[in-house]
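Q: Counting in full-length UniProt numbering, the final residue of the sequence shown is number 278, and the numbers go up one at a time with none missing.
In short, the hints are calculated from the structure, not lab data.
Keep in mind that a hint or two might mislead.
As the list claims (entries may be wrong) - With a straight-line Cα cutoff of 20 angstroms, these simulated EDC-like cross-link-like pairs (lysine to aspartate or glutamate) come out:
#1 Lys267 to Glu99
#2 Lys267 to Asp134
#3 Lys129 to Glu140
#4 Lys267 to Glu217
#5 Lys124 to Glu108
#6 Lys135 to Glu145
#7 Lys106 to Asp122
#8 Lys130 to Glu114
#9 Lys136 to Glu126
#10 Lys267 to Glu199
#11 Lys112 to Asp122
#12 Lys117 to Glu105
#13 Lys111 to Asp122
#14 Lys130 to Glu146
#15 Lys117 to Asp128
#16 Lys118 to Glu108
#17 Lys124 to Glu114
#18 Lys118 to Asp128
#19 Lys267 to Asp245
#20 Lys100 to Asp110
#21 Lys267 to Glu229
#22 Lys142 to Glu132
#23 Lys111 to Glu99
#24 Lys267 to Asp213
#25 Lys106 to Asp116
#26 Lys136 to Glu146
#27 Lys129 to Glu145
#28 Lys267 to Glu190
#29 Lys106 to Glu96
#30 Lys123 to Asp134
What the hints assert, rightly or not - Cβ pair distances, simulated, as ranges:
#31 Thr223 to Ala253: 35 to 41 angstroms
#32 Leu31 to Ala97: 43 to 49 angstroms
#33 Arg153 to Glu120: 48 to 54 angstroms
#34 Leu31 to Glu99: 22 to 28 angstroms
#35 Gly184 to Asp207: 30 to 36 angstroms
#36 Glu233 to Ala139: 37 to 43 angstroms
#37 Ala125 to Ala216: 54 to 60 angstroms
#38 Ala33 to Pro9: 34 to 40 angstroms
#39 Gly205 to Ala253: 39 to 45 angstroms
#40 Cys247 to Thr225: 38 to 44 angstroms
We put the CB at the ideal spot given by N, CA and C, even for glycine.
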Amino acid sequence: MSVLHPVGPEEPRTYWLRRAAVLVALLLVVLVAVWAFRPAGDDELAAVPGSTPSSTPAAGASASPGPSTSPSPTPSSGPSPSVSPDTGGQGASEQEAEEKAAAEEKAEADKKAEADKKAEADKKAEADKKAEADKKAEAEKKAEEEAEAEPARCASEDLRVTLTGSATPSVGEDHELELSVINGTSGTCELTVDQGSFELRIYSGTDRIWTTDQCAEWLPATTVTLEPEQAHEWTTTWQGRRSEDDCGLDEDALRPGTYVATAVFEKAEPVQLVMRLG
Numbered sequence: 001m002s003v004l005h006p007v008g009p010e011e012p013r014t015y016w017l018r019r020a021a022v023l024v025a026l027l028l029v030v031l032v033a034v035w036a037f038r039p040a041g042d043d044e045l046a047a048v049p050g051s052t053p054s055s056t057p058a059a060g061a062s063a064s065p066g067p068s069t070s071p072s073p074t075p076s077s078g079p080s081p082s083v084s085p086d087t088g089g090q091g092a093s094e095q096e097a098e099e100k101a102a103a104e105e106k107a108e109a110d111k112k113a114e115a116d117k118k119a120e121a122d123k124k125a126e127a128d129k130k131a132e133a134d135k136k137a138e139a140e141k142k143a144e145e146e147a148e149a150e151p152a153r154c155a156s157e158d159l160r161v162t163l164t165g166s167a168t169p170s171v172g173e174d175h176e177l178e179l180s181v182i183n184g185t186s187g188t189c190e191l192t193v194d195q196g197s198f199e200l201r202i203y204s205g206t207d208r209i210w211t212t213d214q215c216a217e218w219l220p221a222t223t224v225t226l227e228p229e230q231a232h233e234w235t236t237t238w239q240g241r242r243s244e245d246d247c248g249l250d251e252d253a254l255r256p257g258t259y260v261a262t263a264v265f266e267k268a269e270p271v272q273l274v275m276r277l278g
């Protein structure tokens with residue numbers, strides 16, 4: 001028995017098939033060992049389609065007996081280098097997307113902050129406007145209350161003046177004259193009596209004898225508040241002589257005769273008192 005010429009009870013073809021099977025099994029063991037101990041980078045290269053290492057199995061044993069040599073399997077030149085996916089471009093796209101999302105988020109936050117700022121400014125302006133309106137309303141209310149608290153000045157045309165006294169005074173003696181101003185309106189008013197608004201004068205014909213305009217002491221200024229039909233009353237003394245400026249009086253006594261006293265208050269109706277000095 002020899003390697004090329006097997007001898008046995010079976011046909012030679014059977015022995016050749018067995019030998020071929022053993023060779024194929026050995027080749028598979030070698031390939032598995034190479035695959036197990038390959039460098040890590042080979043995985044990526046092997047992932048590219050068409051780059052899988054191929055092996056050419058040994059040709060089957062010839063059916064005809066006779067000496068022959070089995071061609072040993074020739075492995076391929078090895079897997080072709082595969083091109084790995086462009087992970088750098090994908091990473092750049094993801095970074096751009098993240099930056100865009102961050103920019104949009106910042107823009108949205110800035111927009112919201114601006115809207116909040118505007119809303120706060122509008123709220124403050126509205127509060128200031130309301131405070132100003134309240135202040136104005138309060139001032140108007142106060143002015144109205146003060147106007148109600150301080151009655152208006154009495155209209156002189158609605159006032160009534162009275163003058164009373166002795167119709168027969170004696171020569172050289174003081175003569176008291178009683179005066180009053182009555183509020184003839186339907187409301188409360190303020191009355192001011194002074195030399196600018198009131199005068200009591202005494203004439204004999206066209207000759208002026210005496211007047212309160214020549215002496216403030218004869219008509220003290222006063223301001224009073226009068227209810228409807230309420231009167232302000234006072235008394236003035238006529239010394240029975242001629243008056244002069246600065247509260248002066250003529251030393252000469254007046255002669256007996258008729259003298260007329262007249263009380264005048266602005267536009268009110270004047271009143272008179274006729275006296276016969278004797």
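Q: Hint by hint, say whether it matches the structure.
A: Do the hints match the structure? See the list:
1. Lys267 to Glu99: Judged against 20 angstroms, a Cα distance of about 92 angstroms means the pair is violated.
2. Lys267 to Asp134: violated, 43 angstroms
3. Lys129 to Glu140: holds, 16 angstroms
4. Lys267 to Glu217: Violated. Lysine 267 to glutamate 217 sits at ~23 angstroms, over the 20 angstroms cutoff.
5. Lys124 to Glu108: Answer violated: lysine 124 to glutamate 108 is near 24 angstroms, above 20 angstroms.
6. Lys135 to Glu145: Since the Cα atoms of lysine 135 and glutamate 145 sit roughly 15 angstroms apart, the hinted pair holds (cutoff 20 angstroms).
7. Lys106 to Asp122: Not OK: lysine 106 and aspartate 122 at ~24 angstroms, beyond 20 angstroms, violated.
8. Lys130 to Glu114: violated, 24 angstroms
9. Lys136 to Glu126: Cα-Cα ~15 angstroms, so holds.
10. Lys267 to Glu199: Judged against 20 angstroms, a Cα distance of about 12 angstroms means the pair holds.
11. Lys112 to Asp122: holds, 15 angstroms
12. Lys117 to Glu105: holds, 18 angstroms
13. Lys111 to Asp122: Given that 20 angstroms is the threshold and the Cα spacing comes to 16 angstroms, the pair holds.
14. Lys130 to Glu146: violated, 24 angstroms
15. Lys117 to Asp128: holds, 16 angstroms
16. Lys118 to Glu108: Holds - the C-alpha atoms of glutamate 108 and lysine 118 are around 15 angstroms apart, at most 20 angstroms.
17. Lys124 to Glu114: holds, 15 angstroms
18. Lys118 to Asp128: Cα-Cα ~15 angstroms, so holds.
19. Lys267 to Asp245: Roughly 26 angstroms separates the two Cα atoms, so the pair is violated.
20. Lys100 to Asp110: Satisfied, since the Cα-Cα distance of roughly 15 angstroms is no more than 20 angstroms.
21. Lys267 to Glu229: Since the Cα atoms of lysine 267 and glutamate 229 sit roughly 18 angstroms apart, the hinted pair holds (cutoff 20 angstroms).
22. Lys142 to Glu132: holds, 15 angstroms
23. Lys111 to Glu99: holds, 18 angstroms
24. Lys267 to Asp213: The given pair, whose Cα atoms are some 17 angstroms apart, holds under the 20 angstroms limit.
25. Lys106 to Asp116: Roughly 15 angstroms separates the two Cα atoms, so the pair holds.
26. Lys136 to Glu146: holds, 15 angstroms
27. Lys129 to Glu145: violated, 24 angstroms
28. Lys267 to Glu190: Answer holds: lysine 267 to glutamate 190 is near 16 angstroms, not above 20 angstroms.
29. Lys106 to Glu96: Given pair lysine 106, glutamate 96 holds - Cα atoms ~15 angstroms apart, limit 20 angstroms.
30. Lys123 to Asp134: holds, 16 angstroms
31. Thr223 to Ala253: 35 to 41 angstroms: Check passed, 37 angstroms falls within 35 to 41 angstroms.
32. Leu31 to Ala97: 43 to 49 angstroms: Given range 43 to 49 angstroms: holds, Cβ gap about 44 angstroms.
33. Arg153 to Glu120: 48 to 54 angstroms: Since arginine 153 and glutamate 120 have Cβ atoms about 51 angstroms apart, the given range 48 to 54 angstroms holds.
34. Leu31 to Glu99: 22 to 28 angstroms: Violated - the Cβ-Cβ distance for leucine 31 and glutamate 99, about 49 angstroms, lies outside 22 to 28 angstroms.
35. Gly184 to Asp207: 30 to 36 angstroms: About 33 angstroms separates the Cβ atoms of glycine 184 and aspartate 207, which means 30 to 36 angstroms holds.
36. Glu233 to Ala139: 37 to 43 angstroms: Check passed, 39 angstroms falls within 37 to 43 angstroms.
37. Ala125 to Ala216: 54 to 60 angstroms: holds, 59 angstroms
38. Ala33 to Pro9: 34 to 40 angstroms: holds, 36 angstroms
39. Gly205 to Ala253: 39 to 45 angstroms: About 18 angstroms separates the Cβ atoms of glycine 205 and alanine 253, which means 39 to 45 angstroms is violated.
40. Cys247 to Thr225: 38 to 44 angstroms: violated, 30 angstroms
Checked against the numbered hints given earlier, this structure breaks hints 1, 2, 4, 5, 7, 8, 14, 19, 27, 34, 39, 40; the rest are met.
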